[in-house]
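**Student:** Below, each chain spelled out in residue letters.
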Amino acid sequence: MLGWTLPWALSGLGLVLPLAAVYFFRRRSRAVEVSSLLFWQDDVSAGQGGRRLERFRSERSFVMEALLLCLLSLAAAGPLWVTERERVVVAVVLDDSLSMRAEGVMERARLALAEATAGADEVVAVLCRDEPRLVDTGRASWEDAWTGAWPDADLASGLELARGTAPPGTPVLVLSDRGPGGVDGALDATPGVRWEGVGQARPNVALTDAVRSKGRVALEVSNFADDAASVRVTKTERLGDGEPTVRAIDLELAGGGRERVVLPVGDDAAVVELGLPRDALADDNLVVLAPPDTRLVRVRVAVGDEALRRSLERAVGASQRGRVVDRGAELLFTDRRDEIGWSGARAAVLFEVSEGGGGLLGPFTLDRTHPLSTGLDLTGMIWPAALDDGDAAFAGRPIVMADRRVLVGEETGGAVVVRLGRGGNVLEHPVLPVLAWNAIDLAAEGRPGPTVRNVPVGAAVRVRAGLDAAGSSAARIERPGGGKSGLDVVDGETVFFAAEPGLYGVTAADDGPTVVVGASFVRHGESDLRGTETVSAGSWEERSLSSTDGRSLRWLPLLVAGGLLAWHGAAVLAAPAGHRAASGLGAGGRS
Amino acid sequence: MGRGESAEFVEHRDYAPGDDLRRIDWQAMARSDRLVVRQFRDEVTPTLEVRLDASRSMDLGGTAKGVSALACAACLAEAGRAGGFGVGVVSAGSGAAERVDRLESFAGFEGRGAMPIEIEGLGEGGGVGRGLGVRAVVSDLLFSCEPAAAVASWGRSCGRLVVVRLVALSDVDPRMGRGVVRLRDRETGRLIEVVPEAGVLGRVRERARVHAESWRSACAAAGARFIEIVAGDALDAGMIARLLVRGGVLSTGSGAG
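Read top to bottom, the protein sequences are chains A and B. So this note's numbering is basically just the index in the first sequence, starting at one, shifted up by 1468. So this note's numbering is basically just the index in the second sequence, starting at one, shifted up by 5.
In case anyone wonders, no lab produced these hints; they're calculated from the structure. Worth double-checking, as some hints may not be accurate.
Restraint ranges, calculated between C-beta atoms of paired labels, are given here [unchecked claim]:
| no. | chain 1 | residue 1 | chain 2 | residue 2 | range |
| --- | --- | --- | --- | --- | --- |
| 1 | B | E202 | A | L1474 | 42 to 48 Å |
| 2 | B | I234 | A | G2031 | 53 to 59 Å |
| 3 | B | I234 | A | A2039 | 40 to 46 Å |
| 4 | A | G2031 | B | E211 | 38 to 44 Å |
| 5 | A | W1476 | B | L196 | 38 to 44 Å |
Only a predicted model underlies this, so the values are computations on that prediction, with no experimental measurement involved. C-beta atoms are modelled at their ideal positions from N, C-alpha and C, and glycine is treated no differently.
Work out the full structure: start from the sequences and follow the hints.
**Tutor:** Written out as structure tokens, the structure reads:
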């Protein structure tokens, strides 16, 4: 089937008409009778053996020129021999990070996406977040999910995922507000990677960090511009349905500088909002902070050793996150294994105190991935080793070891075991309060409800599901837009992603309280728009997006035209010359 | 006038090898024992042959070329007749030459092609066939040939050759308006296109001049007379008619002598 690349170029065929008119008027000459052409032959024109240039004015020249016009028009129209080809698949790698929400960027990106995939039968989409995500849902679905709400975009991994997932030879389109410079070899792939940068470098002032604790918020404001900026930070405290309390402070920010500010917050404030004036990226100008979890963990200290018990009670009090109780404890510190079973505590730390076997100076080995080792520093520690702490007998996960001895470990049943001998400086060393602090955190995380109260947008929020009246685990969530949904609970836990900024209401059990979780855009890298740019790099093969396979036949009319030109030129040059000497008359007839 | 075989005796002379034995005067030999031959004086009438180019180019439309050619032939005939010549007018076109005794017998300028270079005999009473007369050729000479060869051929069987080059003014000094002009050859009908710019016309004039000069030189070299006549558009037709009548071409009942 014959097709055309530029069908409108066929209108060039119409040029034959004016050409014919030119020839018609030029050929409309007067006729004069002469006795003989003897004296005129040297000045013959129009292809009758006259001057060479004039030979191009003959009828043959007209036919040649008309043919050339037609052939050139055909060539310009780009004739194609079109055959149907297989489905056209395009892979798109979409930057889903926060900076894409800068003014006008997402609109340009969606426009570029629509243009680039217009001829595609299928689009394989990879949403580039902190971890790239291949979306195999319908196009409308993943386009809705592409909101630019994530704290980071790993474009290199996204590109790799797209290449690895899409069929071989699939063209890849990367849509980002940044150029391909940060991704090595991004444009080296075959058949081609097109990188469309749709960003625009602009100054931006952002709230890059915010932490709320009891009675205060710590705030970081960054100026992502080369010039100094004056900004007003607005703090709004909301308490139930009452009038919000608003305060503002003015900050002077140097070019590229940042300021950290601590602001007092009323303990009874349900929500604190921190705001900046609108600029190039509006989403990082607002931080919503839910109240921190101020509930104290109930701790029972059932340890016979008086010194150890007092140390533990002091550590609990110093943490300000727990309180010592006699009943209903969530965390149990004990030196009796049998008490763990009937205490009902959610977490337990068993101190196995035996006769001393000497002090261990180290080196100590710590499992830094375990929550109990957070902040643990054994420098200067003389660990009172037990005599019979046989390491081979420990069934569980070692947390602190000296040589092959397990000093602190988590047993298979969940209890934490601390093996101590007599002596050493464990009671004087900070290791005990830190262990106690971490154990309190561990117990607090076990409570029903979300483990954190304020997160960056895009973060995963872990929720411990509580038991409802029927004794089954359940959790529900109400998103900032008002949508409510249940969460699938596995092993008493569930996770949701804070995909949009605002307040999330989390209910860990049907009859339990609703806990508020705040999500805000706080990300240094994403708020810095100075590295964004509008760039178009890389290319696809010309036929990548064509739903048909067209083999160009443009060469054919060009070849014919060239042949005609050569033949015409040779014929003109080979024509008998019109120059004959008037006096060089041979015997024969009249001219 | 020369020596021939007419009846009037002139004198005797000694025989020389090669003489016609029939001319030996046997009686005189008997008287003198010498071989003598008799010589007679012959009377020969001088003739004028006018060869008129009858090709189409001699009658170029819009010019007096054709009429002038006829007038020229008539003038020559009249002049010859007045001088006591026997006059014959022959039209020479592309076909065989034809004697023109009367105007009515002139087929007109319908010949296509060149003026014959080889002059064939005109038959009994041709006049110049014995090499004693004058031949006048009236033509525009606008054909391709070697002038020297043509002049030599035309003068071979006559005592004197006169070449009259009769052209129209437009043949040697063309004047045309602007724009492309299609020139049509009067004889062959061939068409060519020219742009009659000043340079083109100048070159045509120059070629015409060179052409005439080449014929003039050829005639001079062969001892022939060359006359050039440019037929003006304003030629007096009445005068031509009178010349034709006096020249006998148009007269009825007077043949060429």
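**Student:** Are the hints correct? Go through all of them and say.
**Tutor:** Hints and how they fare:
1. E202(B) <-> L1474(A): 42 to 48 Å: holds (44 Å)
2. I234(B) <-> G2031(A): 53 to 59 Å: Roughly 56 Å apart at Cβ, these two residues keep to the hinted range, so it holds.
3. I234(B) <-> A2039(A): 40 to 46 Å: At 44 Å between Cβs, range holds.
4. G2031(A) <-> E211(B): 38 to 44 Å: Given range 38 to 44 Å: holds, Cβ gap about 42 Å.
5. W1476(A) <-> L196(B): 38 to 44 Å: holds (42 Å)
Consistency with the previously given hints is maintained throughout, with no hint failing.
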